[in-house]
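Peer 1: Chains A and B supply the protein sequences, listed in that same order.
FYI, this note's numbering numbers position 327 of the first sequence as 327, with every residue one higher than the one before it.
FYI, this note's numbering numbers position 11 of the second sequence as 11, with every residue one higher than the one before it.
Simulated from the structure, these hints should not be mistaken for laboratory data.
Bear in mind that the values here come from a model prediction, so they are computed numbers and not experimental data.
In this text, a Cβ means the ideal position worked out from N, Cα and C, and glycines have one as well.
Treat the hints with care, as some may be off.
From the structure, some residues in chain B lie toward chain A, with a derived Cβ separation under 10 Å [as the list claims (entries may be wrong)]:
| hint | residue |
| --- | --- |
| 1 | V86 |
| 2 | E94 |
| 3 | T95 |
| 4 | G224 |
| 5 | L227 |
| 6 | G230 |
| 7 | T233 |
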Amino acid sequence: MANMSLEKNKMPAQSPEERIKNFSEVALGYTEEQAIDEAKRCLNCKNKPCVTGCPVQIDIPAFIAEVAEGRFEEAYKIITKSSSLPAVCGRVCPQETQCESKCVRGAKGEPVAIGRLERFVADRHNSLAEISTEKPASNGHKAAVIGSGPSSLTCAGDLAKKGYDVTVFEALHVAGGVLSYGIPEFRLPKSIVQREIEGLKALGVKIETNTVVGKTVSIDELMDEEGFESVFIGSGAGLPRFMNIPGENLNGVYSTNEFLTRINLMKAYKSDSTTPINAGTKAVIVGGGNVAMDAARCAKRLGADVTIVYRRTEKELPARAEEIEHTKEEGIKFEFLTNPVEITASENGWAKSVICQKMELSEPDASGRAKPVPIEGAFVEIEADCVIMSIGTSPNPLIKSTTEGLAAQSWGGIIADENGLTSREGVYAGGDAVTGAATVILAMGAGKKAAAAMDEYMKNK
Amino acid sequence: MFEILEKKNLNPFVTLMKIKAPRVAKKAEPGQFIILRTDSEGERIPLTIADYDRSEGSVTIIFQIVGATTEKLNRLNKGDCLHDFVGPLGKATETEGLKKVAVIGGGVGCAIAFPVAKKLHEMGVEVHSIVGFRNKDLVILEDEFRTASSRFMLMSDDGSAGEKGLVTDALRKLVESGEKYDRVITIGPLIMMKFVCQLTKEYNIPTVASMNPVMIDGTGMCGGCRLTVGGKTKFACIDGPEFDGHLIDFDEAMARSSSYKAFERKAHEDTCNLFKGVK
């Protein structure tokens, strides 16, 4: 008999008062009982609307049916047929706009907590199972994957499972891309990311960190001199944008990439870290996406009084609902319809305040969202000794500029067809490097498609 | 892991290390830099490439012991390994079309200026080198510079080595005596480069300065190394590290370079305390 409760089982979580003092994970995960109870809310619809909302088409009702019966490993097998990073996606996917938005139960009451169930299944598996050391038989072909974020890890995993000799090239000293340097520990523990990477290594994937493709080695050299038959570019969108306003180069002003990298990759939040960070006493975060919420919540944990400044209204915030809710619970303030025009300096050259133009909404712009326009003469000054610019990122031009014949959009995105094929034979691309900054799951979907196309290409070569 | 093939103390505060890094050595050019970490918990520090040997697969770095990481680095010896070593990063020094160049180095910046002077010399460019140090104990690479330069001037603040005075005094003298340069290349402390650039602007000599700001990834991702050049924000790691010295906002660069001074001082003291008794 289905559980007809209109509400999801609540996610156990650290209380806001407690969690703003640490960097440990906020959401604690379902217990077995909670997972089974939640799974029983699923009506197991024949036409599976939820699956149409999943970029990698996980057979959601099938895995939930196994959870309802307490067969958690069976559930895990079903998920991993389609997704290679379930512990990650269960945490960071925007389920409310994907699978859960299509759930029939959502018509009246809350949809089934698909994301929380996915996380439960993956975590339970990871806590029990050893990483399998079975290596697929080699097929004798060599493929290179550039970058080690979600699209690259997915592509590398799929190719390795088919027997390809795969090498992943990562510019930083740690693999994982945005999962390692960008998303904070309290939202995605780094041990989970590392476990996924260990899993790939067990499949035979080689990971070369400290290798900047475009500088240390070029795509042409990989293909012509090192014998890689096909290359996947999953180099992400890592170039930070600034507003180009006066005072932006003052001390205490960060790109959100720098701020988060210092904290997540370099562990600046730990007292014994060799990397400094300055979240100030009053921090202003500019922007309204998930990354802005991450930066705000990090600054809060480092002891700052935090305000998020966003030029539209709450309704237009691009961040996930759950992230916004968590951010608010942690006592972070929002200033809507507010747009920085200048950062003022203290006598010693540090940021002192942010002067903002008040805005109002007018007609929708090209993005379909109401366009914010300045209210003449209306300004506010917000005190801040730390200012974090979180207004988006663009693809890094390094690979485009060092790979002859690789076509790209004027804004930097690499041009690729629906299977990820670029303008260069044998060279595929996917994820943020193609689309501009998007989600983990879309990047994974692209990595998956490209892996299938690369398989076809190398087999028939 | 990247093995230390050779270690040499150039003076009590400056050390040379040759590191096994074949991929980096294969691509390295003068003017470019690397980023290293000494251990799995270390910070990432950028250091400009002082030399490279493609056949041996080695890259030479020269560093001054100024903070916690360089202190730790200096404790390592031949046969030890660096945890991470990535590069070559940044753009190489532009040398095309040059006929006569003044290379001006200050302090440990001379370690970076030298490979530039050497490359120019090998290309047949007439190189005049001016190097400055606080005193004779800090002088490095004197013989190397002499070999790579048709004119060489050594300056020191206290007159204990070469002539007493600043590198700008020497440069002014050369220019006033009728030397004509198509370019001045300057590498050293920000304050020195600022005054070199002021002087060359007076004489209208195109000048390039090599910047070494705070940096994390070195690939354009963090923006921590940004500086203002000709009113525009540039990233030293991908747009540089060399820029038109007459357009650099040196005052802003100096303010930015002091962001973490207090933290760095404390970290250095802590590291030194840690090593006490370890020797």
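Peer 1: Now, for every hint given, state plainly whether the structure supports it.
Peer 2: Each hint tested on the structure:
For the restraint placing V86 (chain B) at the interface with chain A, the shortest Cβ-Cβ distance is roughly 4 Å, inside the 10 Å limit, so the hint holds. Here the hint on E94 (chain B) is broken, as its CB sits about 16 Å from the closest CB of chain A, past 10 Å. The interface hint given for T95 (chain B) is violated, since its Cβ lies 19 Å from the closest Cβ of chain A, which is over the 10 Å cut-off. With its C-beta approaching chain A no nearer than about 5 Å, G224 (chain B) sits inside the 10 Å limit, and its interface hint holds.
The interface hint given for L227 (chain B) holds, since its Cβ lies 7 Å from the closest Cβ of chain A, which is under the 10 Å cut-off. The interface hint given for G230 (chain B) is violated, since its Cβ lies 14 Å from the closest Cβ of chain A, which is over the 10 Å cut-off. Using the Cβ-Cβ criterion of 10 Å, the hint placing T233 (chain B) at the interface with chain A is satisfied: the shortest such distance is roughly 6 Å.
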